[in-house]
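Peer 1: Listed below are the residues making up each chain.
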Amino acid sequence: MRSFFLKFNKLAASKELAVWLIISVAGVAILGNIIPQTGAMPPGADAVGGSGSLFESIVKLLKLNDIYVSYPFLAIIILLFVNLSFCMAKRLKLVFDDTQAAERIFSIAGLPLIGSLIFHVSMMMIMVAGVYDISSRMRGGMVITEGQQVQESHESYIYVDEAPFFLENHSFFNIALKDVHMNIEKGYILDTVAVLNISDGDFSRDYDVRINHPAQYKNTMFVMQLYGFAPLIRMKDPDGNQVMNVFLNLATPDEGDVVEDSFKLPGTDLEMSIKLYPDAEEKGGRLTNLSSELKNPVFVVQLDKKIEEGKIKQQLYKGIMKPGETAGFEGYELNIGDDIRYWFQFDVTKEPGKKIIYAGFWLGLAGISIRLFPTFLRPIKDDEEAEDTENEKVV
Amino acid sequence: MAPGEEILFWLTVGLYVIASVTYFYGLMFSKEKWMSAATILVGAGFAAHTAALISRWIATGHPPIMRDYENANAGAWCIMLGYIVVLLRNRKLAVIGFTTVPICLVILGYGIMNYTPLEPFTPPHKSIWLVVHVIFAWFAHMSFVISFGLAVAYLLKDSKNPKAFTQRMPSLKVLDEMTYRYVAFGFIMDTVMIISGSIWASSLWGSYWSWDPVETWSLISWLLYALYMHLRVTMKWKGRRAAWLAVFALSAVIISFWGINYVKSSMHVLNMI
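These protein sequence lines map, in sequence, to chains A and B. Using my numbering, read the first sequence as starting at 1 and increasing by one per residue. Using my numbering, read the second sequence as starting at 396 and increasing by one per residue.
These are calculated hints, taken from the structure and not from any lab test. Do not take every clue at face value.
[Claimed, not checked] Ranges between beta-carbon positions, derived for each pair:
hint, chain 1, residue 1, chain 2, residue 2, range
1, A, R205, B, V501, 26 to 36 angstroms
2, A, E260, B, L513, 52 to 62 angstroms
3, A, F4, B, W653, 30 to 40 angstroms
4, B, P515, A, Q216, 45 to 55 angstroms
5, A, K218, B, P398, 45 to 55 angstroms
6, A, K264, B, V501, 49 to 59 angstroms
7, B, S554, A, I380, 18 to 28 angstroms
From the three backbone atoms N, C-alpha and C, an ideal C-beta is built for every residue, glycine too.
Take these sequences, add in the hints, and give me the full structure.
Peer 2: Quick look at the structure:
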């Protein structure tokens, strides 16, 4: 039994094992770039297709299509953690077994060992926090229109990716998009500010959310991702019933800042296509767009009636409308309100291990700097036979 | 381009091209004067390069860290700065100009092929962490390119039939030690680059690590240099083996900086909002 432990200790603390584990981590990272990863695809998409080939079976068995949360990768990380722990223990034992070495550790000569230990501790922190984070985090997308309030709950997300140990740990506070400010100069969007109000019981606070400037509350981060226009669309059917009265979230603007979207009107067999020019100019009977600023919005609206599923459509109306205008066709009445709002999509993330990982990062940087500091101080001796001074002299 | 930038840019390229040819000729035919001339050409090219960068900085109103052209231009400048610092400290190391200057030319070529007009900072670029990230990336790449040059010089000097020009190089011991030091310095810079990039990514994309292709290849290059350090410090890898590893490790840097964008789409291409 003792010989088994000695062998295990020797293997676990071996420098060669560290080499192979570093190569393995790099290898997994390369594989993750070669095999399409499910995490990089839209929710529900199959990264490796559905051919049923042997390759696909192997990929799915080993979870190589989600390689960074796969068991082989986790096993490598655990082995690396064990290797680092045993290496550190071995070196500390050598220091404490040698009185002279223990004295030297607090001198310049001891810096490499101290730095090396700090670096290894930081790597272990990052590994533990990384595994904790991957198994307990949440990432979702939340779309909020100006004036709308939603709750931080599973149902409020347009997509949500919850790790196995997240366990529906939602916070249930309220989020409202109070206001939007766009700063546009010479056609460039210089700044976009979404004022988010977060309320939770007696707590209520406004947060200015910008690109690179997320809002954070209770370990939940709101990051600005996409925006679009939401005009108020009202429609009455020939019987005078209101079939639509909503701020409609149109698609995000394309390269020329023009918005194009189409959708089916609920409860009817009508399909509506909208093209929005935020800053329109008419030249020779043609509409062009000047900027992304909502200066002179003009809508090109088309309504089609579906006659046969997916094929034949009958055009009921096509025309240019400005905010506040009403159009009539076949007994229907379509109105575009004066009020055009913005909608924003926020990426909402909860990453419980992030702070520990950052602490590990900075500690690692400190460790490696302390470790290498004496190297840069040492004079370079142009002597082929000169003694190697790099290896740590403490142990 | 900014006023005068175009002339200065092409002047830089021209001077670096002539310097590369001169270095090569000087080395191959052991012409000491040609080597000195090449060094002067590098100095002149670097002055033009600096002026081109300043001109662009003034015109855009921000440091040249936005998109491929500015990054390549400033990155190449940083590598040349590193090379000149090496030269000032040890004239015998002028030989690494035969790798460093052509590498800078390739980077400048990549930059001009992906030229973007003058534009102000877009919202994703307005972050101090991006500035830190890019500056440390330049310093890391500068160190790795110089360590590559030193490692190549080591391998040439240590070959079975060394060319005559290798006699003017510093001793193998110095080349080996210098390679290690530049790798070590680059490794620290690379670590800061990854940390600052991660903090920037967290505020921009909501996650400190997304396994984005560029992120992943940065990690791979960091791991390769970590491997170099580990093998060197704990397993006493020196000489040819260490030099070969320093040469090989640069491939991951090239892939993360340039190659991966041709193969996979990356969040590092900032076209959002």
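Peer 1: Against each hint, give a clear statement of whether it holds in the structure.
Peer 2: Right, here's what the structure says about each hint:
1. A/R205 / B/V501: 26 to 36 angstroms: Taking Cβ atoms as reference, A/R205 and B/V501 lie about 51 angstroms apart, which means the hint is violated.
2. A/E260 / B/L513: 52 to 62 angstroms: With a Cβ separation near 30 angstroms, A/E260 and B/L513 fall outside 52 to 62 angstroms, so the hint is violated.
3. A/F4 / B/W653: 30 to 40 angstroms: violated (50 angstroms)
4. B/P515 / A/Q216: 45 to 55 angstroms: Since B/P515 and A/Q216 have Cβ atoms about 28 angstroms apart, the given range 45 to 55 angstroms is violated.
5. A/K218 / B/P398: 45 to 55 angstroms: Taking Cβ atoms as reference, A/K218 and B/P398 lie about 52 angstroms apart, which means the hint holds.
6. A/K264 / B/V501: 49 to 59 angstroms: With a Cβ separation near 53 angstroms, A/K264 and B/V501 satisfy 49 to 59 angstroms, so the hint holds.
7. B/S554 / A/I380: 18 to 28 angstroms: 23 angstroms Cβ-Cβ, so the 18 to 28 angstroms window holds.
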